[in-house]
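J.: These are the residues of each chain, in order.
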Amino acid sequence: MDISLNYEKLLLGILQFIIIIALAPFFAGLIHKLKQNFRGQKGINMFQFYFNFGKLLRKGVVLSDEASYISIISPYIILSVYLIVLGMMPAFYIYSLFSRLSDIIVIVYTLGAGVFFLTLYSLDQGSPFGGLGGEREWFFTMLSEPSLIFIFITLAIYSRKGMLVSIFDFIQKNALGGHFSIAIPFILLISLFILGLSENARIPIDNPETHLELTMIHEAIILEASGKYLGIFEYSSYIKLSIFLTLMSLIIFPYIAYTPIDIPLALGLYIFKMAMFCFMISIVESLNPKMRLFRAPNLLSIAFIISLIAMILSIRGV
Amino acid sequence: MTASNSVDFQGEPIGRENLLETVAGVKHEGVYLLGIFAIDNGDGSFEIKYFFGPEKNSSTVKALSILASIDFPSISGIMPAAKIYEREIMDMFGLFPLNHPDLKPLMLFPENWDGTVHPLKKDWDKTIPEFKKYGEYPYKKAHGNGVFEIPVGPVHAGIIEPGHFRFSMRGEPVLQLEIRHFWKHRGIEKLCEGKTVSEALKIVSRISGDNSAGISLAYLEASEKILGIEIPIRAKFIRVILAEIERLWNHVRDIGYIFMDMGYTPKAQAMFVLEEDILRLNKFVASHRYMFDALQLGGVASASDIDINKTGAIRGVLKSAGEKLKKAEWYILNSPSVTDRIELAGKINKKTAEELSLCGICARASGLRRDSRIEMPYLLYGETVQVSQKTFEEGDILARTRIRIMEAFESINIIQNLLAWLPESGEDLIPKDCAEGVPVSSGWAIGNTETPRGNAFFYIKTGEDGNIERLKYIDPSFRNWPSIQYGILGGIIADFPLVNKSMNLSYAGNDL
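These protein sequences, in sequence, are chains A and B.
Residue 255 in the numbering used here sits at position 251 of the first sequence; the count goes up by one each step and never skips.
Residue 222 in the numbering used here sits at position 187 of the second sequence; the count goes up by one each step and never skips.
Extracted from the complex, chain A is given alone in its bound form (with noise of 0.2 Å):
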């Protein structure tokens, strides 16, 4: 794959990179409309969070007294860390925005970043709650951290590349042509489900729908935002749960655009792929309950478990 850089390869890929991102609250809308649809609800308009978030943009900040500038810069940082993955993913796209920068470790440990503000942020309000949010967050991203590096890790034994953009190349042009073993990217999907719906506060971990204070974790966190910081935080959200389905996305059935005559197909194929996932979350959060929270790590260990043997598969493969 040549990494070499031009001016198709950049227009192209900031295109990507817009694209993604204004896709983020579609999908996230999706979920919402599909589950009202399931409960016999007529259900949001499917484009309702772009109106919410152009809602929160034009209201006015309420910061309680014992903010900090950490409640200040905080949204920002952690709008900018998924911002940065999301733009490292090779969507429809081969050379994307952040190609060069997207080392599996650089993205475990920039998502870790994300969380490190998250918490900050939760402790420096002085609510009740964001505490308890946050050192329950600490206590979910502990839990699946290691399973996310061993996703990666796997990934990168059995390509061989250390990058994510050279991850997928690799699984498009060899496994998909029948001269590897596919098996290996289907396990790392299940333990990637598993960790999408816990990283994005998805029934059974967490109840994104919630107004009850004391179940909360993700949004008892952003309790106390208000006006745009919140919108942010919605929309860093949002763009989280894109992160998530993209991989899964690409592992499931990588069909990526070398060329820009493949864009259209390979984005209409992305957008299929996110929405089956969409439907799958939305099956999932409508057949369970949520968790007792201290059940909740036994779904992490499965997770771990799963990830675990694949890693130990893909060592076997070399």
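Keep in mind the hints are simulated off the structure, nothing from the lab.
A couple of the hints might just be wrong.
Unchecked claim - Okay, derived cross-link-like pairs now, DSBU-like style, lysine-lysine, Cα gap no bigger than 35 Å in a straight line:
1. B:K359 - A:K46
2. B:K156 - B:K230
3. B:K467 - A:K232
4. B:K219 - B:K161
5. B:K168 - B:K219
6. A:K63 - B:K168
7. B:K225 - B:K97
8. B:K230 - B:K175
9. B:K318 - B:K496
10. B:K167 - B:K237
11. B:K237 - B:K467
12. B:K271 - B:K354
13. B:K271 - B:K91
14. B:K361 - B:K385
15. B:K362 - B:K385
16. B:K496 - B:K91
17. B:K318 - A:K46
18. B:K168 - B:K139
19. A:K46 - B:K361
20. A:K165 - A:K177
21. A:K63 - B:K219
22. B:K219 - A:K59
23. A:K59 - A:K232
24. B:K230 - B:K157
25. B:K385 - B:K219
26. B:K345 - A:K46
27. A:K63 - B:K167
28. B:K161 - A:K46
29. A:K46 - A:K59
30. A:K46 - B:K354
From a predicted model like this one, the values you see are computed outputs, not experimental measurements.
On the provided structure of chain A, position chain B as indicated by the hints.
T.: The following block gives chain B in isolation, referenced to the frame of chain A:
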């Protein structure tokens, strides 16, 4: 008039030095506390009345009273359930309970109310003290390494009623919970003083909107006893049918909330759809979604007469309710992810339930056989309508939810039977003498009914002119709220919303 709900009462107040001994004897007989309240005699002395639930195999309520002027002996050492009643008397009448273990204001907050003003005294001139800070409410503190406090409410993240919950925690486990309610005191007892009996009915039926029929029935039990009104048989049938429809919709909604709070929204939505169906049925049958003003002194309003159309509508809703509740029951008992969430959480031990004199679902889930429909039968209960006692020993969320489902099924059965046996239409709904003008009579009486949440207790005393001199209402929520502090012990804070919803106590009924 039914012979039930009668009172075993020594007319004269007993000496206060004999009180503790008498209460200990009463407790030994196995009765529980129904309520304690004070009455201002107007001459500087106060009568404090104690009501105890019936003994086994008897429907007689036991009553005691003492006279007090400045202080009175606390019985909370013998009956811990008395604590909140005695704190209420301290706030409202300024009488000091001696040897009380927890002397904090209950309803009047030192943060905005002058503690020397006692609004239920007859000599209060109804001037509200200046709105400023008079003192500080002393919360219970927990100390230790890594112990922290989480204050929740009274303003919540959702649109619910105000209540303050203060958790002392170490990590997720809860070490201690202190509740502080009464943020929206409306002064209903004071408001009813001087009103006629039918005027007060309008007020009490709106105390807690979702138990309107149950609470109004308790009020009517008491007031009709004073006035000596005989209720026509057809009106009795309709009253019981309305009360059971109310029980059904309360239980359906509460089961829905259990699903809602565990994040199982599709099942919750199914219950909420059913709830809405029943509310629309209420509108059709009783011309109000919450059955306000459906019950009248002496009978029922003519708008809530049940004719052939209404019978059909009720049967239709009952049929779909039965089917949907069957499905909900299946999920609660057979879906591991649902059962796991509610089993063993929020456990209230039988001993705790006994000492706090719990009533309703909370008592029955903890193994206490308490149901006013059986213990102190009124209207058709105990005769035409036989209610079977349902209890569980576990005392957890699962037990409370299962009792709700079983009672909902039973309500469906009761309504179906009563519809089949309903006397011919054309009979009176209100006695003739009552329809022309409400009779006037002075005296006092109590009324007990089983609302969907538990026993509702009314004490009414009318003066010479027939107007109300003292009205006391004790809501099942008032009795049951303290038990939530014990239900969460040993659990984690993330389970608290489910514990709370499984009991589903009212804030409005609690805070008159």
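J.: Between A:K63 and B:K167, does the CA-CA distance stay at or below 35 Å?
T.: Roughly 33 Å between the alpha carbons, so the hint for A:K63 and B:K167 holds.
J.: Between B:K361 and B:K385, does the CA-CA distance stay at or below 35 Å?
T.: holds (29 Å)
J.: Is B:K219 within 35 Å of A:K59, Cα to Cα?
T.: holds (33 Å)
J.: Has the given pair, A:K63 with B:K168, been kept, meaning a C-alpha gap of at most 35 Å?
T.: holds (34 Å)
J.: With a cut-off of 35 Å on the C-alpha distance, tell me whether B:K168 and B:K139 pass.
T.: Holds, at roughly 16 Å.
J.: Regarding the pair B:K230 and B:K175, is the alpha-carbon distance no greater than 35 Å?
T.: Measuring from Cα to Cα gives roughly 40 Å; hence the hint is violated.
J.: Starting from A:K63, check that the Cα of B:K219 is at most 35 Å away, please.
T.: holds (31 Å)
J.: For the pair supplied as a hint, B:K318 and B:K496, is the alpha-carbon distance within the 35 Å limit?
T.: holds (33 Å)
J.: What's the verdict on B:K359 and A:K46, does the C-alpha distance respect the 35 Å limit or exceed it?
T.: Given pair B:K359, A:K46 holds - Cα atoms ~21 Å apart, limit 35 Å.
J.: Would the pair B:K345 and A:K46 pass a check requiring their Cα atoms to be no farther apart than 35 Å?
T.: Holds, at about 30 Å.
J.: Check whether the Cα positions of A:K46 and A:K59 lie no farther apart than 35 Å.
T.: holds (22 Å)
J.: Verify the proposed pairing of B:K225 with B:K97, using a straight-line Cα cut of 35 Å.
T.: holds (26 Å)
In summary, the numbered hints that this structure violates are 3, 8, 28.
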